[in-house]
Amino acid sequence: MEITVHLGAALINTYARCGSIKESRRVFDGIPERDLISWTAIICGYGMHRLAEDAELLFRSDGVTFMGLLMGFSHKGLVQKGQQYYRRMIQQYGFKSTLEHHSSMVDKLGRAGRLDEAEEFIGNMDVEPDASVWCGLLNACKIYGNVDIGERVIEQILRIDPGYAGRYVLMSNIYAFMRCWDGVARMRLLMKENRISKPPGWSLIEIGGQMHIFLAFDKSHPRSNEIYNFLKDLEKRMRIEHYVPEIKCVLSKLDEEHKDDMLCGHSERLAIAFGILGTGDGEVLRVIKNLRVCVDCHTATQVHKIVKQEIVGRDAKRFHHFKDGACSCGDYW
1 MEITVHLGAA LINTYARCGS IKESRRVFDG IPERDLISWT AIICGYGMHR
51 LAEDAELLFR SDGVTFMGLL MGFSHKGLVQ KGQQYYRRMI QQYGFKSTLE
101 HHSSMVDKLG RAGRLDEAEE FIGNMDVEPD ASVWCGLLNA CKIYGNVDIG
151 ERVIEQILRI DPGYAGRYVL MSNIYAFMRC WDGVARMRLL MKENRISKPP
201 GWSLIEIGGQ MHIFLAFDKS HPRSNEIYNF LKDLEKRMRI EHYVPEIKCV
251 LSKLDEEHKD DMLCGHSERL AIAFGILGTG DGEVLRVIKN LRVCVDCHTA
301 TQVHKIVKQE IVGRDAKRFH HFKDGACSCG DYW
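Read in UniProt numbering, the sequence shown has 120 at position 120, and its numbers run on one by one without any break.
Check the hints yourself; a few may be wrong.
Taking lysine to any residue pairs in the SDA-like style, the calculated list, with each CA pair at most 25 Å apart, reads [unchecked claim]:
no. : residue 1 : residue 2
1   : K323      : E241
2   : K81       : I143
3   : K219      : W181
4   : K192      : L158
5   : K219      : G208
6   : K317      : Q302
Ranges of calculated distance between the beta carbons of each label pair, as one might list FRET restraints [stated by the list, open to error]:
no. : residue 1 : residue 2 : range
7   : V147      : C18       : 37 to 47 Å
8   : A216      : E283      : 23 to 33 Å
9   : E151      : G278      : 43 to 53 Å
10  : E226      : R17       : 27 to 37 Å
Don't read these hints as lab results, they were simulated from the structure. Virtual Cβ for every residue (Gly too), placed ideally from N, Cα, C.
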């Protein structure tokens, strides 16, 4: 069957959203006559997977394509290149920046640790920033443990959109990382007052044509004992590879041993462990998680080079390609 431009673009987008960017590129290469739609689809696909270098090689000039490039540069930490293309978009090509472009620039600056610049950028925007723009800065506050800016940002976010649990949880994470337990308590009280509840975390993996869903600390799976025993053995091997648990990810006052146990029960670890047990060396594992992956699980997944399998993860924010002990995001997410 001949692949038309519109069918090709749809397939490129579908494969990219399913985590198969290589299949997206295969479809793109098979389109006989490519137009702006197909070029934009593949560049945005690379941007979705934060493969900035690949996106730049295919660059064409339109507002959506610029968005794909900016996304890629943001999550690779390429601030100067991102700023360069942002200026080109406005000054050379005459495009008007959208909230999505602004959000990407804030994200870029924040991830590079330039939080003051990011806050100033928001203050100088020519349109009213929405919650997504502020959330990029709030996430950077979590990465760099900046409570002061975080408190100013969460105030703006809750003024605009107080109904989304993830923002409260993100600010709670900032407080917890800095051991500010009073702040954690305040966020929980705010959630209670506003009748906001955090959705339970789950991870999904397909093995042998069957979907398997795991909740945090889930023991309902028929192979539950095998999964937990495998995780304990794997952690011992990981520690030999210099893995150190990120116990600051546990948002409770517990001793370190109990915090280690809490981390091992996260849903993505259970799904990955089951995937490793159910597949062979060389097979790619694809895991979907409804919440953002925590720092410790991200670090632990990189150490899964021990089992010689590539892992593609999709959390609430983006795709992560774990291969040979590294992630495609370069630890920017």
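Now the hints, each set against the structure:
1. For a cut-off of 25 Å, the pair hint linking K323 to E241 stands: about 15 Å separates their Cα positions.
2. A threshold of 25 Å between alpha carbons decides the hint, and for K81 with I143 the separation of about 22 Å falls inside it, so the pair holds.
3. Restraint check: the Cα-Cα separation between K219 and W181 comes to about 30 Å, which exceeds 25 Å; the hinted pair is violated.
4. Distance restraint check for K192 and L158: the Cα-Cα separation of roughly 14 Å lies within the 25 Å cut-off, and the hinted pair is therefore satisfied.
5. Among the hinted pairs, K219 with G208 is consistent with the structure: their alpha-carbon atoms are about 21 Å apart, no more than 25 Å.
6. Distance check on the hinted pair: K317 and Q302 sit about 18 Å apart at the alpha-carbon level, within 25 Å; holds.
7. Hint check: V147 to C18, Cβ distance near 38 Å, so the stated range 37 to 47 Å holds.
8. Checked against the hint of 23 to 33 Å, the C-beta distance between A216 and E283 comes to roughly 25 Å, which is consistent with it.
9. Distance hint check: the CB atoms of E151 and G278 are about 45 Å apart, consistent with the given range 43 to 53 Å.
10. Between E226 and R17 the Cβ separation comes to about 32 Å, which falls inside the hinted range of 27 to 37 Å.
The structure does not agree with numbered hint 3 stated previously, though it agrees with all others.
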